[in-house]
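A.B. asks: Protein chains in written order, with UniProt numbering: chain S, 1 to 303; chain F, 1 to 1195.
Treat the hints as calculated values from the structure; they're not laboratory data.
This list has only true hints and no planted wrong ones.
With a Cα cut of at most 25 Å, we get these calculated DSS-like pairs of lysine-lysine:
(1) F:88 with F:940
(2) F:192 with S:295
(3) S:136 with S:158
(4) F:429 with F:624
(5) F:940 with F:145
(6) F:372 with F:432
(7) S:193 with F:765
(8) F:373 with F:385
(9) F:432 with F:145
(10) F:917 with F:397
(11) F:267 with F:373
(12) F:432 with F:373
(13) S:298 with F:192
(14) F:220 with S:295
(15) F:705 with F:754
(16) S:202 with F:860
(17) F:848 with S:202
(18) F:765 with F:722
(19) F:390 with F:372
(20) F:192 with S:296
(21) F:145 with F:910
(22) F:826 with S:193
(23) F:544 with F:390
(24) F:754 with F:722
(25) S:296 with F:220
(26) F:220 with S:298
(27) F:826 with S:202
(28) F:923 with F:429
(29) F:498 with F:544
(30) F:860 with S:193
(31) F:624 with F:544
To be clear about the criterion: a stretch of chain F counts as covered by chain S if any three or more of its residues have a C-beta under 8 Å from a C-beta of chain S, and this derived list gives those stretches:
(32) 247-256
(33) 312-326
(34) 822-828
We put the CB at the ideal spot given by N, CA and C, even for glycine.
Below, each chain spelled out in residue letters.
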Amino acid sequence: HRVFLKMAGGERSGCGKATSSPAENYQLARRRTLQVVVSSLLTECGFESAEKATVESLTEMIQSYISEVGRCAKAYCEHTARITPTLSDAVVTLNEMGFNVDTLPGYAKRSQRMVITAPPVTNAPVIPKALIAGQKRTHPSHIPSHFPEFPDPHTYIKTPTFREPVSDYQVVRERAASQRRDVERALTRFMAKTGETQSLFKDDVTAFPLIAERPSSIPYLSALLPSELELQTLEETDSSEQDDQTDSENTPVNNLNDDPGADKENSVLLAGGVVPLVKVSEESMIDNPYLRPVKKPKVRRKK
Amino acid sequence: MNRKKDKGFESPRPFKLTHQVVCINNINFQRKSVIGFVELTIFPTVVNLNRIKLNSKQCRIYRVRVNDLEAPFIYNDPTLEVCHHESKQRNLNYFSSAYTAAVSAVDPDAGHGELVIKVPSELWKQGDEMNVLKVYIEFSLDQPKGGLHFVVPDVEGSMAERGAHVFSFGYQNSTRFWFPCVDSYSELCTWKLEFTVDASMVAVSCGDLVETVYTHDMRKKTFHYVLPIPTAASNISLSVGPFEILVDPYMHEVTHFCLPQLLPLLKHSMSYLHEIFEFYEEILTCRYPYSCFKTVFVDEAYVQVSSYASMSIFSTNLLHSAMIIDQTPLTRQCLAQALAQQFFGCFISRMSWADEWVLKGISGYIYGLYLKKTFGVNQYRHWIKEELDKMVEYELKMGGLPVGSNGHLTCPTPHLHFSIKHPHTLSWKYYKMFQCKAHLVMRLIENRISMEFMLQVFNKLLSLASTASSQKYQSHMWSQMLVSTHSFLKSISNVSGKDIGPLIKQWVDQSAVVKFFGSFAFNRKRNVLELEIRQDYTSSGTQKYVGPIKVTVQELDGSFNHTLQIEENSLKHDIPCHSKSRRNKKKKIPLMNGEEVDMDLSAMDADSPLLWIRIDPDMSILRKVEFEQADFMWQYQLRYERDVVAQEESILALEKFPTPASRLALTDILEQDQCFYKVRQGACFCLAKIANSMMSTWTGPPAMKSLFTRMFCCKSCPNIVKTNTFISFQSYFLQKTMPVAMAQLRDIQNLCPKDVLNFILDLIKYNDNRKNKFSDNYYRAELIDALTNSLTPAISISNEVRTVDNLNGDVRLILEEITRSLNMEKLLPSYRNTITVSCLRAIRMLQKNGHIPSDPSLFKSYAEYGHFVDVRVAALEAVVDYTRVDRSSVELQWLLNMVQNDPAHYIRHKILSMLGKNPPFTKAAESPLCNEALVDQLWKLMNSGTSHDWRLRCDAVNLYYTLFGLTRPSCLPLPELGLVLNLKEKKAVLNPTIKPEQGPDTTEMTGITMGGLITMETVSSVSMSSGVAPPPQGLKRKLDSVVGPLGSSSPEPGQVLQEEDTSKKFKIRVRISSAEDEIDMESPHDSQAFIHHHLNILERPSTPGKEPPAVDQAVLSLPVTPLPSSFGKESTSSSKHSGDHHHHHHHHEHKKKKKKKHKHKHKHKHESKDKERDSHAFSNSPASGRSVRSPSMSD
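Using the sequences provided together with the hints, build the complete structure.
C.D. replies: Here is the structure:
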């Protein structure tokens, strides 16, 4: 168990760290030990030889397993506000992972087990010193001294390393303007390149190309209706200001429509049929000859 | 004369129309045709009513029945072809008189018409009992060129999906173009209107929609309208289309219609209509007279606003969204005009053309009151000044503009190339100025009798009319709904007790304006202001003013009004000054409005207490004032006078004083946001002019630059304009104007300063509208205009070809902006394509200044049908300009082609008026363009090519006048040749019975060209015309007029009477050649026969004692749908009509010989009646050539 845990803990600590060469050596040594373990287990099971890839896979599996046990055990221990895992943590973990702990003593005492040499002693990797860029803060008086020290100031004080984004009004405007201009120019050039053009110069038709005009069958529509872009702008600018207004305008109308209109609505519907609901209610509200339903011809009429 | 006629209205017709049914069964958008019938209910007012004259143009008439009996008819429209083709006559005097004669010959106000129906003799006998007659006419219209306009967009889908629509239009009384009627504003009747249209369409017409019924196949529906208020046919209209319907949320009896997809715009644009309603109803203390009101917005409208009984048709381009600033006031103004005309113009109609000014005047006046209330007093006074200036300028240019009453009928107008006796012969510009003057005169009347009385008069007219209109079965009462000058003046004198006769005489009957020149000196010893007011009353268009005039003097001690009497010989007026004190006393100076202000008085003359002087500050005379005062006085006036008119006057005056003090005064005004924005806009342009004059001494940055920076640019970065908000409209307008004015600045090399150009380019670059709830399209367009303004002629070494390489650097930048903006418009079009319009103008300017090659092809492509109308007009303007500058006959032909063929009437009109404004050449100068072919083409255009549109024909006449003048164009071969030839022909063709056709024209007032021959032929004409007894009522009117104390030398009734004779003569003359043709015209025909044979009959005398008129062969050979290109007519009519021309040529010859005698005679005759009239003027008048009376009547 000790070994287990130690290994697990070691693996864990080895994991997140940046790979430095002593740390690598340490890990390689552990890994080799694991390989030996796998090999001996295989031998125990009666294998005479194994492919390297298989051994490697099994090693990977066992390493994962041990790492997981270690991680979980650590989690349990931290959950109970301790910093060192105890046996019970490991037991709970193993149970959690579906391993029957009771079988473990029997297994440990099996006869045919092979003794493995201890892993070679390698220096545990040196935890690189944290960068000390300034004076650590001392605890304020209300914090007991046993609590961990403050980390180095640079870890919590903003230390910008990128260039400040431009917020100068002039530059922003300048950029927005040139960006818009570039986009417009590129777009119109593209349109001019891909479509028909008219030219102001006879010698060089490509200079100042004008997108050819195209007569439209209903020219007033595009000239009078606001473009989508404008509508969008309008919505954006209006959404805040005019919401109240439209609300107050709408509600009374709706109320009016709902109450007395209901009866008539039905009757008209029966008569007319096709007209949409809301319209009908308005129609019946407002007695305007243009909203009245069209009459069916009288048979007598023509004769 | 009218006003002395107390008896009220007398119909020129021998019957009274009481009711008319118009039923249009079928409207075919594909073929652009219309089929229907009308039924007129008439009561004869004479014992034997034989003939009924109605108006109808271009309609194909299938059958006419009177009380179920087939009735023969004649259809003759003399306005189709005014003079006949083979004539070599090309002088405008001749044309004008012939045209006036033609129009008068069918003038409904004189009881005439194109369609003459013979009442079947069976009914004729019953006539004694004064039975009601029902005249039923079946007709159709095929591809109408006038009266109805079809808009059928060329896209996929059904007609409704395509947005196809049709609407009626016309200038003045033009209803005869689309159904037979009595097309007079004075013949009122009730109406029943039925229109059967596709089920997906809506038919909007006058009156109340009673019901809508499906046809049996359910594919169409019939709209039934009833108009119970007696209404003139000229006020009936129709529009049919797949309209979207909006019931006005405030007034449910008001309905708005627009074309598909535009409903959101309609909702916004109509959201304030109820305010206009309320306003008018309140000031007139009278309900809106009709039970409903409809507004219809159509594409390709003839005019922006046209009002008909209970409905108005508008141009769809008036619609706008809430984002548009500039269009909003314009649209409101149009709505207000339309509504004012509903009261005065539609509900209240007029007795005769001479009374038109009253209606136009009142509607214009109450519209002005609306302007004042809605847009403020400043806007109102600005508008009045603008209208006055426009009108004065026109009168001085054209030499007089009589608007009404006697003026119309008697004023000789030799200076005009058109007749003003009839609305259909008027130049469009004249008509606009006429409206302008009419409302200005109303304002003068208001000044005289007070607004309260004025409104009481209107109320009285309206309540009389509405009482009359409710008299359903007493049609004789309906004439109360007609206003005349007389009844109007009577109401005024009843209500106010004041006689405004002299005022009317001066401004309505008499044409011309007053031109004052003022100057002053201050007499220190007497402490008196010696004011000198001189008048110019000798140059054309001016008259002498005698009477009171108000002068306002601003002194140190306050503002004082003085009323001076302008008398015959007194030029100088001594005005004692109130201020004895000098300026030592530091105290505030009281202004006219009671405000007291501090002024820096250091600029003024130490000896004089005068700050400024104004002559006629209230514009209570139709005048032009040129006043001389020192520059500092103008500056004080600009800074401290609170009246916008005074401020605008001083801005104009300061242009002549380019001094630092003027500069300061203008700059101060620019900065004052209390000041009216239009004054500030004016100050911008004045400042630019001053800066240019002060070029060498100007210090500091270019004018207005720092001001603009301070007002509209960011505080932190002064070269960048703030993002747009446009919350304050005043600043918005200023922001738009300043760059345009700045671009007019020039440096010593006469170039636009580099600073300014870069500044404008930066404005364009940094323009940012993302956070704005208003559209910036007008602003951006004006920035392009500013670029245009900055252009100066390119320096060219020789006539080198303009290439990209030798493009000037600045111009390159400008051109880049323009191309980019124009291209962006294709992707994101702006409202009304304002930016395209500005870009086109800019490109033309670049071409004109020689920066880029001059080439009209771009403009021609933009001018084609299918672009937005504003774009087309801008492009056409460029082509017109190109035509002038490059003297291109190809482009001129192209333009004239478009005048003949373009589907949009407005464009045709616009081309001609732009050509008139910017003519390719004028009569004064030689030009290769001026050749015989062009003369013939234009002649043809006005002679027969424009018969479907009164306005267009008058435009063509205008252009002809601009290009060739009144006399024979100089480019034609010598007239003598043609003359000799014609004379020969004449001898061969003419016989004594034919001659009299000119007879009625014989008077002492005949125009110069007419004179000679006419005197020679008097004898024969007398014999002929005396055979024709005038109808009794005509006689009565005639006598009235002669008795009239004003002694107008050419009373209308008399003239009209003669015209009738003329038309008869036409028939007489023809009869000889084609007597046989009449025979089978007698019996009734089935409709088939009517289509294929062209029936014209008139056998029996219509009025006892009249010569039996005969059928003109020309008429017979005409298709029933008269088309200008009727060749049959040419061939047959040539021989007879050549007579006409011979006469005229003849006149030419005899002119000199006879003129003296002629003149003498004239004088002799009229001296006693009207001493003031200039006899020469009479004999000169082309119009008076038609104002005739038969010799037997003249004494």
